[in-house]
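Two chains, two frames, some hints: make the complex.
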Amino acid sequence: MTTDSPRPPPRRTFSLALGGPQLKGLLWQILVVGIALAIIAFLWSNTVQNLSARRISTGFAFLGREAGMPIADSLLAYSPKDTYFWAFVVGVANTLRVAVIGIVLATLLGTLIGISRLSANWLLSRLAAVYVEVLRDIPLLLQLLFWYVLMQALPAARAAWRPIEGIFLSNRGLILPSMPIGEGQLWVLGTAAIGALAFYVLRRAQIAQQMRDGRPRPAWPFALGLIVVLPALVSWWLGVRWTVAWPELRGFNFVGGLTLAPEYFALLIALVTYTSAFIAEIVRSGIQSVPRGQWDAANALGLRRSFMLRQIILPQALRVIVPPMTSQYLNLTKNSSLAVAIGYQDVVSIANTTLNQTGQAIEAIALIMAVFLTISLSISFFMNWYNARIALVER
Amino acid sequence: MTAITDSPNTARARRPQSGNRVLRWLRTNLFSSIPNGIITLVLFAVLAKGMISFVQWGIANAVWLTPPNDSSACRAARGLGACWAVIPEKYRFILFGTYPFDEQWRPAVAVLLFIALFYVSTRRAWWRRELIYFWIAALALISVLMWGGVFGLSFVSQDRWGGLPVTLILATFGLAFGFPLGILVALGRRSKLPAIRSICVLYVELIRGVPLVSLLFMASVMFPLFMPGGFNIDKLLRAQIAIILFAGAYLAEVVRGGLQAVPRGQYEAADALGLSYWRKQRLIVLPQAIRHVIPPLVNTFIAFFKDTSLVLIIGIFDLLTTAKTAIIDPAWQQFSVEVYLFIAAIYFAFCFAMSRYSRSLEAGTAR
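Going down the list, the protein sequences come from chains E and F.
Position 387 (the first sequence) corresponds to 427 in my numbering; numbering is contiguous.
Position 171 (the second sequence) corresponds to 172 in my numbering; numbering is contiguous.
Pulled out of the complex, with its shape left as it was, chain F reads as follows (with noise of 0.2 Å):
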C-alpha cells in the first residue's frame, strides 16, 4: 500500500539533490523512503539468488551437445545443470513433426511467409486493398508449399503435417475466416431486424459461454455424426472450423465495440447520402469502427494465436504437440522442462511482437 500511494506525489516533493547523477537515480528511485529501501533490498537478494541459480543450472552446469542419441552427459548432469542437447537432437521434428525429413524446407519456407505476411499486415502505409490480395496469394502458395503434388512437389498429406506450422496455419486461417465472419456477426447484432439480430446474440453468446475444449471435442466427435454418411473431413479441417467458429465470436463482440462508438452522425450522413446498407457500412462505419477497436483486435489476435495451443487436447499436432511428443522418446523423457523453456520462447517472440505492435498503436491513437 505505501508503495502506491507513493507514485503520483513524490517525484514532485522530492528536492534536486547534488551529487552524482547514478546516486540520485538510486535514490530516487529505489531508497526514497526506508519501506522503499527494504522492499528494493529484500528484491535485490531473491533476484540474485534466483539469477545465480539459474545461471548455474542454465549454463555453467548445462550440457549443450551430445553424440546423436545418446544422453548419457544429460542424465550424468541431471539436478545440476541443464540438457540443452535435447534441442539440437529433436528441433526438427518439435518445428515440422512427422513432415517428411527431406522435404522439411517446404515447411521451414512457410513459416517465413507467415512471418512476412504478418510483417507487412502491421504497416499502416499498406493499408489497403491490394493488402487483400496479398494475403489471398501468401495464403496459396502457404497451401501449395505445403501440400504440394503440383509444380513436382511431391504431396504431403495432411495428417504428416505438424509443429510450428500447423500452430500458424490454425491461427492465420482461424483470422483470414473468423474476421469478415466477426464482421457480419456485429453488423447483425446491431442490425435492426429482430430475427437476424437473436440469431447472432445466440452464436455469439453460445460460443463464448463454453470453453474451447468443448468445443473441440464437439469438432471432433460430434462433427462426423452431423455429416451425411460417409462423408469425412480431415480432423485437422474439424479443428479449423472449431476454431474459426470461436474467433468469430470473440471478434464479432470487439467489432460491435466499435461500431458503438461510431458516432449517429455518420450514419445519418450516410443515409442523407442515400447509399445503401452494405455501401454505408463498407465505406463510412467500418473503416472507422474498426479503426476505434485495432488494439482490442492485436490483443484477440494474441489470446487467439495462443488459445490454438488447445487442439492438442484432441491430437492435432501443433508446436505443443510435437514438443510433447518429442519428449517421449524414453533417452530423453526426463528433460521436458528444456523443450518446454524452447516452444515457449517461440510462443513468447510471436505474442510479445504482437502485444509490442498493439502498444505502439495504442500509443499512435491517443494523439
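Same shape as in the complex, but just chain E (with noise of 0.2 Å):
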C-alpha cells in the first residue's frame, strides 16, 4: 500500500502559491474542468464522426420500430411484433420481478442465518458460517452458470419431480399452483388492503392513547376485524369463487397453475442464495451492536423474550442494520443484470439485443443506465426514509 510512514519531520518548503488560496482554487479548477471537458470534446467528436461514418443514425427514434426480438418468459403480454419500446417496458418488468422477490427472499433467508450463526447450538452456527464463508467466496456468475447447469440436468416433464402434490420439478422449470385473479378477487383483496389501512390508523390512534394514559389496549381484534373478516364478508357477499388452478401434465408439456422458467428460477436462486450470505453477515453485526447490558436489563425486568426481542434487541440492532442493507438490496438489483450469461432477458439483455440489431449503442446504454439510476434512487430514497424513521433521535 502507499502509506508513508508518518516519521519524517516536516520539512518547511515553499509554496507555489499564486497570489491567495482562492486563486490558486480557481486555477485548479478550471484545470481539471478544462482536462474534462477536452476528454468529452474529444469523444464527442470521435463519436460523431464514427457514428456518420457507419452510417448511424442517433436519437430514439427506434424506439418505436417493430422489434423482432422473441422474449421466451415474461409477466406482460409481448410478442415480436411490438415495439423496441415495449420490449424495454417488458425487460424492466422482467427484472423488477426478479428483483423485488429476490429481495424479499435474500432477506427472509438471511436474517434466518444471521441468527442462526448467533445460536447457542454449536452445529447450528457453524453450519451458519460455512454457508455464508462459502457463498461469500465464490463469483455469483459461476454460482448461477452451476444452478442453471443443475436446472436443465433435471428429469425431463414426464419424469418430474413432485416434492409436494401439485408441484413439478422439471427442466421445464418450476411448475406451482395458482389462483386466478379475476374482478371479484380484486374487490376482495382491495378490502382486505383498506383494512389493513384502516388498521394502521386506528392502532396509532390506540398508541397515542396508551402514551396518554398507560393503559394498553388489544390490538388483534380489530386485525381480526378488519383484514379477516371484513374481506370475507366482502367475498361471500358478491359470491366470489376461490378456485386453485393445479397444474397437470398433458402431452409433453404442463396445462394451469403458474410456471417460473429454468432460467428465472436459476437466477432467482443464485441471487437469492449469495445476497442473504451478506445480509446474514450485517444481521449478525446488526444483533452484536446492541450492547449485552441491554439484555441483561430486559432479562432482569423479566420481560418475555418475544417481547424483548421486538421491542429492545431489534429496533437497536435495526440502526446498524438498515444502511448496509439498502446497499444490498442494489447490489442485488444491478447483480440480476447477470440475467444475460443465462439468456433471462431482463432490461439489459433486452437492451444488449436491441443494440446488436440497431447499432444504436448509446441510446441502449443510456436507457439501461436510466433504468438502473431510477431503481437504486428509488430504493436508497425509500431506505433513507425508512433509516430516518428508526434512526436514533438524541437530545
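Honestly, the hints are just simulated from the structure, not real lab data.
Quick reminder that beta carbons are idealized off the backbone N, C-alpha and C, glycines included.
The reader is advised that the hints may include incorrect statements.
[What the hints assert, rightly or not] Residues from chain F shown here face chain E by an in silico Cβ test under 7 Å; the list is partial:
#1 Ser33
#2 Ile35
#3 Pro36
#4 Ile40
#5 Thr41
#6 Tyr204
#7 Ile208
#8 Met219
#9 Leu226
#10 Gly231
#11 Lys307
#12 Tyr341
#13 Cys352
#14 Ala354
[What the hints assert, rightly or not] Computed spacing ranges between beta-carbons, pair by pair:
#15 E:Val170 with F:Asp330: 51 to 59 Å
#16 E:Gly222 with F:Glu363: 52 to 60 Å
#17 F:Gln334 with E:Phe421: 40 to 48 Å
#18 F:Asp235 with E:Ser329: 46 to 54 Å
#19 E:Phe100 with F:Leu66: 53 to 61 Å
#20 F:Glu269 with E:Phe262: 52 to 60 Å
#21 F:Leu66 with E:Phe125: 53 to 61 Å
Structural data, given as C-alpha cells:
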C-alpha cells in the first residue's frame, strides 16, 4: 500500500501560491474542468465522426420500430411484432420481477442464517458460518451457471419430481399451483388492503392514547375484523369463488398453474442464496452491536423473550442493519443483470439485443443507465426514509 | 427465535456439571434445551444424509482417470458418480486457455509471481515505499513473461492469453490503477472546490449506479465509437479500462470513509505547520485514512476479484470463460458440474485467503 510512515519531520517548503488560496483554487478548478471538457469534446467528436462513417442514426426514434426479437418469459403480454419501446418495458418488468422477489426472499433467508450464526447450538452456528463463507467467496456468475446447469440436468417433464402434490420440478422449471385473480377477487383483495390501512390508522390512535393514560389496548380483535372478517364478508356477499388451478401434465407439457422458467428460477436461486450470505453477516453484526447490558436489563425486568426481541433488541440492531442492507438491495438489483449469461431476458439483455440489432449503442446504454439509476434512487430513497424513521433521536 | 435469545445469557446460567468433558461439551453446545436438542438432531440427520450421498457421488463412485479423450467410463458412471477425470483432461486449457501449449510454463510462473506479490503485500513489515517499486518490478516481469518477444521468449499476442493469469491480470492491474484513481477521486469529493467536487460525485454515482455488465458492454461496443477512426485497442485492454474505472469508483467511496474518520485536529495541525495541500494529504491525512479502512478495502478487493468473472459476458477468456469453453467438447459436455466445482475451489482459495486476512486485520486494529 502507499502508506508512508508519518515519521519524517515536516520540512518547510516553498508553496507555489500564486497569490491567495482563492486564486489557487480557481486555477485548479479551471485546470480540472478544462481537462474533463477536453476529454469529452475529444470523445464526442470521434463518436460523431464514427457514427456518420457507419451510417448509424442517433436519437430515440428506433423505439417506435418493430422489435422482432422473441422474449421467452415475461409477465406482460409481448409478441415480436411489438415495438422496441414495449420490449424495453417488458425487460424492466422482468428485472423488477427478479429484484423484488429476490430482495424479499434474500432478506428472509439472510435473517434466518444470521440469527442461526449466533445460536448457542454449536452445530447450527457452524453450518451457518460455512454457508456464509462458501457463498461469499465464489463469484455470483459461477454460482448462477452452476444452478443453471443443475436446472437443465433435472428430469424431463414426464418424469418431473413432485416434492409436494401439485408442485413439479423438471427441466422446464418449477411449476406451482396458482390462483386466478378476476374482478371479484380484486374487490376482496382491495377490501383487505383498505382494512389493513384502517387498522394501521386505528392502531396509531390506540398507541397515542396509551401514551397518554398508560393503559394498553388490545389490537388483535381489530386486526381480525378489518383484515380477515370484512374481506371474507365481501367475498361471501359477491359470491366470489376461490379456485386453485392445479397444474397437470398433458402430452409433453404442463397445463395450468404458474410456471417459473428454468432461467428465472436459476437466477432467483443464485441471487437469493448469494445475497443472503451478505445479509446474514449484516444481521449478525447488527444484533451483536446491541450492548450486553441491554439483554441483561431486559432479562432482569423479566420481560418475555418475544417482547424483549421486538421492543428492545431489534429496534437498536436495525439502526446498524439498515444502511448496509440498502447497499445489498442495490447490489442484488444490479446483479440481476447477470441474467444475460443464461438467457433470461431482463432489461440489460434486451438492451443488448437491441444494440446488436440497431447499432444504437449510445441510446441502449443510456436506457440501461436511466433504468438502473431510477431503481437505485427509489431503493435508496425508500431506505433512507426508513432509516430516518428508525434512527436514534438524540436530545 | 429461541436460538438467538439463548446466546448472551445461557452460558452463565449453566451450572458446572460433573462428568465427562465430552458429555459436558455436548450438553452445553448441542443439547442445552429441548428445542435445541431437536434442532441438533434434525441438522445432524440432514448433514449425515448429505455427506453420505456426497461421498458416494464424489469419491466412492467417482471416475478419477480415463484414457486421454475417452469419456466412456464417465458416461457409464453418470448419475451415480462424479467424473473428476475431466479435470486432468482439461486442466491446462482451463488454467491457461489457448496460450501456446509448449510455452505454458510462462503463465504458470506469472501466476506464482502474482501470488508472491499478494503475499508480500499482506505483510505489515513490508508496508513501506519499497513495496511500490516491488509492485512495479513484478508487474513488469509478468508483462515480459506473458507477452515475450524479448530475452529469447517468443511473442504471444494478447488474444491467445486465457484462464487464471487473465483473471489475475484483470484484478491486479485493476487494483494497481484503480486504487490511486480512487484516492484522487476521494480527495476530490472532499475538496472545497465545487467544480472538482461535482465532477468526482458525478463519476462515482454514475459508475456505482449501473451494473458492471453494462459498463463492460460499453467497453466492448461503445469504446470503438469513442476512438478516432482506425485506432483500435485490444478487447482485453478495453475490459481492463472498464474494470479500472469501476474499481476506482468503489475504492473512492471506501477511502472517503477513511478520510472522514481523520480528526479535524490533524488537518489543522498540518495547516499550522504550513504544509502544502499535497504534502498534508500524503504525509498526514492519507496514511491515517487508509489505515482506518484497510479491512473494508480488503473486502472491496474480494468483491472486485470475483467481479472480474463478468468479462465472460463480453467473451474474454478469463478463468470462468475457459472453464465454460472446456466443456463445450461433446465428449465432456455432461460433466460441467465437476468443472465448475474445480474452478469454484480456485476462486474460493483466493477469496477465502483474503477474507481470513481481512479478519485478522480487524482483530489487529480492534486492539
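**Asked** Is the hint on Thr41 (chain F) kept, meaning its closest Cβ partner in chain E is under 7 Å away?
**Response** holds, 5 Å
**Message:** Under 7 Å is the threshold here; is the Cβ of Gly231 (chain F) close enough to any Cβ of chain E for the hint to stand?
**Reply:** violated, 10 Å
**Prompt:** Does the CB of Ile35 (chain F) sit less than 7 Å away from some CB of chain E?
**Reply:** violated, 12 Å
**Item:** Restraint outcome when Leu226 (chain F) is required to lie within 7 Å of chain E by C-beta distance
**Value:** holds, 5 Å
**Request:** Have a go at the Tyr341 (chain F) hint: is there a Cβ in chain E nearer than 7 Å to its own Cβ?
**Result:** holds, 5 Å
**Message:** Please check whether Val170 (chain E) and Asp330 (chain F) have a Cβ separation lying inside 51 to 59 Å.
**Reply:** violated, 33 Å
**Status of the hint placing Cys352 (chain F) at chain E (closest C-beta pair under 7 Å)** = The hint holds - Cys352 (chain F) has a Cβ within 7 Å of chain E, the shortest such distance being about 4 Å.
**Asked** Is the hint on Met219 (chain F) kept, meaning its closest Cβ partner in chain E is under 7 Å away?
**Response** holds, 5 Å
**Request:** For the hint on Ile40 (chain F), just tell me whether its beta-carbon gets within less than 7 Å of chain E.
**Result:** For Ile40 (chain F), the interface hint holds, since the closest Cβ of chain E sits about 5 Å away, which is under 7 Å.
**Request:** Hold the hint about Ser33 (chain F) up to the distance rule: shortest CB distance to chain E must be less than 7 Å.
**Result:** It holds, given that the least Cβ distance between Ser33 (chain F) and chain E is near 6 Å, below 7 Å.
**Cβ separation of Phe100 (chain E) and Leu66 (chain F), checked against the hinted range 53 to 61 Å** = Since Phe100 (chain E) and Leu66 (chain F) have Cβ atoms about 59 Å apart, the given range 53 to 61 Å holds.
**Request:** Please verify that hint: Pro36 (chain F), Cβ, nearest Cβ of chain E, below 7 Å or not.
**Result:** Given a least distance of 9 Å, the restraint on Pro36 (chain F) is violated.
The earlier numbered hints that this structure contradicts are 2, 3, 6, 7, 10, 14, 15.
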